[in-house]
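S.K.: Next come the chains, spelled out residue by residue.
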Amino acid sequence: MAAYIAGDKPAFRELFQRYTPLLQRAMARDLKSLEEANDLVQQTFLHLHRSRLDFEPGRKLKPWIFTIALNLKREYFRRNKRRRETSLEDDRVAEPFEGPRGQERSDAAREMARALELLPAEHREVIELHWFGGLSFPEVAEVVGSTVSAVKVRAHRGYVALRARLGDAAPDPESSHEGKPSVEGSK
Amino acid sequence: MDCPQIRDAFLNGVAPAEEQVKPHLAGCSQCRELFEQGAELGRNLAAQTRVVLPAAADDFFAEIEGKLARETGPRAWLRSRPSLLRLSFVLLPLLLVLGAGGLLWPRADLEQYPLPRVAALLCVYFLAILLAFGKELSEAPRRDAFRDYLGLLAFALGVPILAAFAPATEVSRQAAAGGALACFGYGALLTLPIAALLWAFDRDDRPSLRTACLSTAALGLSANLLLELHCGNGNAVHVLLGHASLGVAWLAAWAVSWRLSRG
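Chains S and R, in that order, are what the protein sequence lines are. The first sequence begins at 1437 in the numbering used here and counts up by one. The second sequence begins at 38 in the numbering used here and counts up by one.
The hints are simulated quantities; they were obtained by calculation from the structure and are not laboratory data. Every clue listed holds true.
Here are some, though not all, of the chain S residues that point toward chain R, as calculated from beta-carbon distances under 10 Å: (1) Lys1445; (2) Gln1453; (3) Arg1514.
To list a few chain S residues with every Cβ distance to chain R over 10 Å, as calculated: (4) Met1437; (5) Ala1438; (6) Ala1439; (7) Arg1454; (8) Pro1493; (9) Gly1494; (10) Leu1554.
Cβ pair distances, simulated, as ranges: (11) Asp1475(S) x Leu167(R): 25 to 35 Å; (12) Phe202(R) x Pro1574(S): 44 to 54 Å; (13) Gly1494(S) x Ala273(R): 51 to 61 Å.
None of these values were measured; they are calculated from a predicted model. Where is the CB? At the ideal position from N, CA and C, for every residue including glycine.
Make a model of the complete structure from these sequences and hints.
M.R.: This is the structure we're talking about:
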């Protein structure tokens, strides 16, 4: 980043190559389409360029980039009134972004994606940044503007809720043997 | 092992052995959840993380490079200044206008009010303005609490309304309601350059609701602060129409701009 601030143009390509996959993963999961995700990734890099003089030397770049990305993502949802919490009401939970060539994902993966989607935003955000963004909890705390202990509490609550949801969604072995609908199907 | 190492082990497809992680799990409740029921949650989260996204199109980087190449000109230069400098550039003209207005066209009845009251009023206004400008121009994490912005906006719209009914000198209270349009024009004209600076410094390409709330709050309060120092007319109708309406007018301007940007 220091090289980029100093005007080294190839340094930007390196930043791009290093952070684009992480940002795409963090964005695509929420935005449902790669085009929208890529648009926000582009805006993140554009915003990074505009705020490059705000970057303090010696500071970690990854939380800085994710702070920008998260601010933009929140603004995007606010602008488009498409917060995922609204999907709780009508149970129309869209599938997360599909893998290459539209391949089918396993039921477990679908359930996990669905369970993640139903988490409260503040819990989901922390888990997504830690897992999909590859940030440590102190870095996540920096990105969301909170304390490390608060972030860990959110992660813990999110994990507990995920396990409960996955437990609810797991097919009942006895009923499946008898050809009865699974728990998921009955909901 | 620590939390990221445990996550990375899951991502590598290997749930760490229990003996290996036992000391960490003893003090880490969130990682303990990952290992419950045969580490089901850890494996599932790792599987979610490993989902391969299609590589970005070849021209993706070229598109960004193209956009960066267009980042030239005065606005690009202004919006890329450090946040503290941008804040100073916005506050400086406000202070200059306040100083000039206070010295050149001071409010005639100002000395009739107790100094602590005047000082407290100026402080409240200025701190709220500083908070609104600071939040608007900062790159700090923006909490997802929209009520924070709405709270500041409600304060900015509400304080001038309360000021219309605040105790005033006899002469001030009995003044005629006329001249509201002149006060409105005075406040709008003097805050216009500050609005232009805010636009120039804004790093977002499209006006956002957050920007609308914070900018409206800052501009509305700035205009009312200017008028508090300039206009001695305490007639409630005059204050409501000529002073308090400025915040609403700035809000309407931002709403139109936001609506237009959405197409």
